[in-house]
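> Here is how the chains run, residue by residue.
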Amino acid sequence: MNAKTADKIATGVIYAISGIVALILISMLAFILIRGVPHLSWHFLTSPARAFEAGGGIGIQLFNSFYLLILAMLISFPIALGAAIYLNEYAKKGRFTSIVRTAIEILSSLPSVVVGLFGFLIFVVQFGFGFSILSGAIALTIFNLPLLTRSIETSLAQIPNLQREAGSALGLSRWETVIHVILPAAVPSIVTGVVLSAGRVFGEAAALIYTAGQSAPALNFADWNPFNISSPLNPMRPAETLAVHIWKINSEGIMPDLNAVSAGASAVLIIVVLLFNFSARKIGAKLYKKLTSA
Amino acid sequence: MVNNSDLKPVSEFITEDKPERYIHDMSTDKHEIAISTKDLQVYYGDNLALSEGDLAFERYKITSLIGASGSGKSTFLRSLNRMNDSVATVKGNIMYRGLDINKKAIDVYEMRRHIGMVFQRPNPFAKSIYNNITFALTQRGHYTKQELDEIVETSLKQAALWDQVKDELNKSALSLSGGQAQRLVIARALALKPDILLLDEPSSALDPISSAQVEDTLLELKNQYTIIIVTHNMQQAARISDYTAFFHMGKVIEYDLTRKIFTRPKVALTNDYISGNFG
Ligand SMILES: Nc1ncnc2c1ncn2[C@@H]1O[C@H](COP(=O)(O)OP(=O)(O)OP(=O)(O)O)[C@@H](O)[C@H]1O
Ligand SMILES: [Mg+2]
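Chain order of the listed sequences is A and B.
Just so you know, we're using the working numbering here: the first sequence kicks off at 565 and counts up by one.
Just so you know, we're using the working numbering here: the second sequence kicks off at 73 and counts up by one.
Quick caveat, the hints were computed from the structure, so don't treat them as lab data.
Mixed in with the good hints there might be a few duds.
Claimed, not checked - In silico lysine-lysine, DSS-like type, Cα no more than 27 Å apart, as pairs:
1) Lys110/B <-> Lys176/B
2) Lys110/B <-> Lys657/A
3) Lys176/B <-> Lys656/A
4) Lys102/B <-> Lys332/B
5) Lys217/B <-> Lys199/B
6) Lys243/B <-> Lys175/B
7) Lys332/B <-> Lys265/B
8) Lys243/B <-> Lys657/A
9) Lys656/A <-> Lys163/B
10) Lys323/B <-> Lys163/B
11) Lys850/A <-> Lys199/B
12) Lys846/A <-> Lys238/B
Stated by the list, open to error - Distance windows between CB atoms, simulated:
13) Gln236/B <-> Pro724/A: 21 to 27 Å
14) Pro724/A <-> Gln296/B: 54 to 60 Å
15) Gly692/A <-> Ala177/B: 30 to 36 Å
No residue lacks a Cβ here, since even glycine has one placed at the ideal position from N, Cα and C.
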C-alpha cells in the first residue's frame with residue numbers, strides 16, 4: 565500500500581467518524597425537539613407546574629434556572645477571574661502554584677453529584693441554609709469555578725507575551741498592563757468562555773437536587789422584596805430548576821400529562837443551552853471584530 | 073637555526089598587529105555620553121550570556137549592535153532598560169545621567185519612560201491608534217484633550233505615520249499593516265519623550281519598503297534622541313549608524329565608528345563577520 569492510498573483511507577475513516585458523531589448529535593437534538601416543541605406554548609412557559617392534574621407549566625422552574633445561573637455567575641466569575649489572573653500572570657513555578665493547580669484539576673474532575681452532596685452536607689445542613697437558592701448557587705459555583713478558571717486562564721495565555729513586554733517597556737507596572745492591556749485584549753475569548761460555561765451551568769441537575777431542592781413553591785411576581793418568602797428574589801427559598809424538574813417528573817411525576825411536560829421541558833432546556841452555545845461564539849467573534857476594526 | 077630568544081612572544085606579536093578586542097575610547101574626544109555600561113555581566117541561571125560589555129553611547133547618535141545569532145545583542149540591549157530583570161541576573165553598572173540605574177532602589181517604571189524600547193515584532197495594543205499613543209501617558213499624568221491631541225500628532229509625525237492615519241485615529245491599531253504598526257509602536261515610545269530609544273531588530277519582520285521607512289524615521293529622530301539598535305542587516309547598520317559594536321559569544325569584540333568598522337576593522341574576527349565568513 566503506498567502513501568497515497570494510506571492517506572486516502574485515513575482521511576476517509578476520519579470523515580466517517582466525524583460524520584457519525586455529528587449524526588448522533590443531530591438525531592438526538594431532532595428527537596428531543598420534535599417530541600417537545602409541539603407542547604410549547606406561552607401558557608406552558610409561564611404558568612406554574614401542577615403536581616396532580618394536567619395543564620401545568622414550567623414558568624417557575626424556568627425563572628429559578630435563570631436566577632440561579634445569574635447568582636452562580638456573579639459569585640464564580642470574579643473568583644475565577646482573580647484565580648486565572650494570578651495563575652497566568654503572577655504565579656511562579658513553585659509549591660503554592662502547583663497546589664492551586666492540582667486543586668483546580670481535582671475540583672474539575674469531581675462528579676457534579678458529589679459536589680451536590682458536599683453542598684448538602686455543608687451548606688444545607690451544617691450552615692443551616694436549607695434547600696435554597698443560596699445553597700444551590702454555592703454548589704453551582706463549586707461546579708463551575710474550576711472550568712471557568714481554566715477557560716479564562718487559557719484566554720489570557722493566548723495573548724502574546726509581546727503585549728506584556730510592550731506594557732513594561734512603556735513603564736507600566738505589571739498590574740496596569742494586566743488590567744488595561746491584557747484583559748481588554750482577552751475580552752472576546754473570556755466572554756465566549758463565560759457564556760459557554762453558562763450553558764453548562766444552566767443544564768446542571770445533579771449538583772442542585774440536594775442543594776436548591778426539588779420543590780418550586782408558588783411565587784408572587786409582583787413582590788420583589790428579597791426578604792419576603794414568596795418573592796422571586798428571596799435567596800432562602802427552595803428553587804427547583806428546569807433540569808431538576810425534568811429529572812423529578814421522570815422519576816416520580818404523577819400528573820396525567822407527564823410525558824408532554826417532560827418532552828416540552830427537555831426541548832426548552834436544549835433550546836436554551838443551544839442558544840448559549842451559538843451566542844457564545846457569535847458574541848466573541850463580534851467583540852473581536854470590534855476590537856480589531858472599530 | 074633562528075634563535076628563539078630574539079622573537080617576541082606570540083601573544084604580544086598578535087596584540088601589536090591585530091588586537092583581539094578594540095573598544096573605541098569615548099572619553100578622549102569630548103563626546104557627550106547618554107548611557108554607558110561598566111563590568112556588565114548577565115546570567116541566565118548559571119549561564120553567563122554576556123560579559124565584558126563595557127560600552128559608552130554618544131548622545132544624539134545611532135549605534136548599531138551587530139553579531140551572530142546568540143552573541144548576546146538582545147541580552148545587552150534589554151539590560152539597558154532592565155527588561156531582563158525577571159529572567160536574568162544583571163551585574164555591573166549602567167550609568168545614566170550620573171546614576172547607576174542597575175541599582176535595586178531605582179524605580180524601573182519611571183526609568184523606562186526615559187529609556188524606551190521597540191521590539192522585533194510590532195506589538196500595538198488592542199486599542200485605537202489614538203489610545204495606543206496616549207494610554208501610557210494618561211496612566212501617570214493629567215493631560216487635557218488638546219495636549220493629548222498634540223502629542224498624538226507630533227509623535228505620529230515623528231514616526232512618519234501621521235499622513236496615513238490622521239483620518240482614522242479611532243480605528244483599532246490591530247488593523248494596521250506590519251510596517252505601519254511598527255511605526256505606531258515607535259510613535260508610542262516617542263510620546264513619552266524618552267532620551268534614549270532602544271530597538272531590537274525593529275525592521276527585520278518587515279518588507280523592504282516598510283523597512284526603509286523605519287530607517288528613514290530613525291535618521292529623522294537622531295537629532296533629538298540617542299538611538300541604540302540591534303540589527304542583522306549589515307547594510308542597515310552601515311547606512312544609518314554612527315557607531316557600531318560587534319558582539320561575539322557574549323563579548324563586545326570591537327566598538328568603533330561605523331565607517332571604520334565597515335572599511336577597516338581592527339580585529340580579525342570583526343573582519344570575518346562583516347565579510348560574511350561566518351554567522
Ligand atoms: N530568556 C533566556 N533564558 C535563557 N537563556 C537565554 C534567554 N535569552 C537569551 N538566552 C541565551 O543568551 C545568549 C544570548 O542570547 P541573545 O538573545 O542575547 O542573542 P542575540 O545576539 O540577540 O541573538 P539573535 O540575533 O538571535 O537575536 C544565547 O545563548 C541565548 O540562548
Ligand atoms: Mg536578539
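> Hints first: check each against the structure and report whether it holds.
Outcome of the hint check:
Between Lys110/B and Lys176/B the alpha-carbon distance is near 16 Å, which keeps this suggested pair within the 27 Å criterion. Of the supplied pair hints, the one linking Lys110/B and Lys657/A is violated, its CA atoms being roughly 33 Å apart against a limit of 27 Å. For the suggested pair Lys176/B and Lys656/A, the alpha carbons sit about 21 Å apart, so the restraint of at most 27 Å is met. Restraint check for Lys102/B and Lys332/B: satisfied, since their Cα atoms lie roughly 19 Å apart, inside the 27 Å limit.
Between the alpha carbons of Lys217/B and Lys199/B the distance comes to roughly 17 Å, so the proposed pair stays at or under 27 Å and holds. Straight-line distance between C-alpha atoms of Lys243/B and Lys175/B comes to about 41 Å, which puts the hinted pair past the 27 Å bound. Taking the CA atoms of Lys332/B and Lys265/B, the gap is about 32 Å. The hint is violated against a cut of 27 Å. Proposed proximity of Lys243/B and Lys657/A is contradicted: the alpha carbons are some 39 Å apart, above 27 Å.
Simply put, Lys656/A and Lys163/B have alpha-carbon atoms about 23 Å apart, close enough for the 27 Å limit, and the pair holds. The suggested pairing of Lys323/B with Lys163/B holds, with an alpha-carbon distance near 15 Å, which does not exceed 27 Å. Distance hint between Lys850/A and Lys199/B is fulfilled; the C-alpha atoms sit about 15 Å from each other, no more than 27 Å. A threshold of 27 Å between alpha carbons decides the hint, and for Lys846/A with Lys238/B the separation of about 32 Å lies outside it, so the pair is violated.
For Gln236/B and Pro724/A, the Cβ-Cβ distance of about 24 Å falls inside the hinted range of 21 to 27 Å, so the restraint holds. For the pair Pro724/A and Gln296/B, the beta carbons lie near 31 Å from each other, so the given range of 54 to 60 Å is not met. Distance hint check for Gly692/A and Ala177/B: the Cβ-Cβ separation is about 54 Å, which falls outside the suggested range of 30 to 36 Å.
The structure fails to meet hints 2, 6, 7, 8, 12, 14, 15 from the earlier list, while all remaining hints are met.
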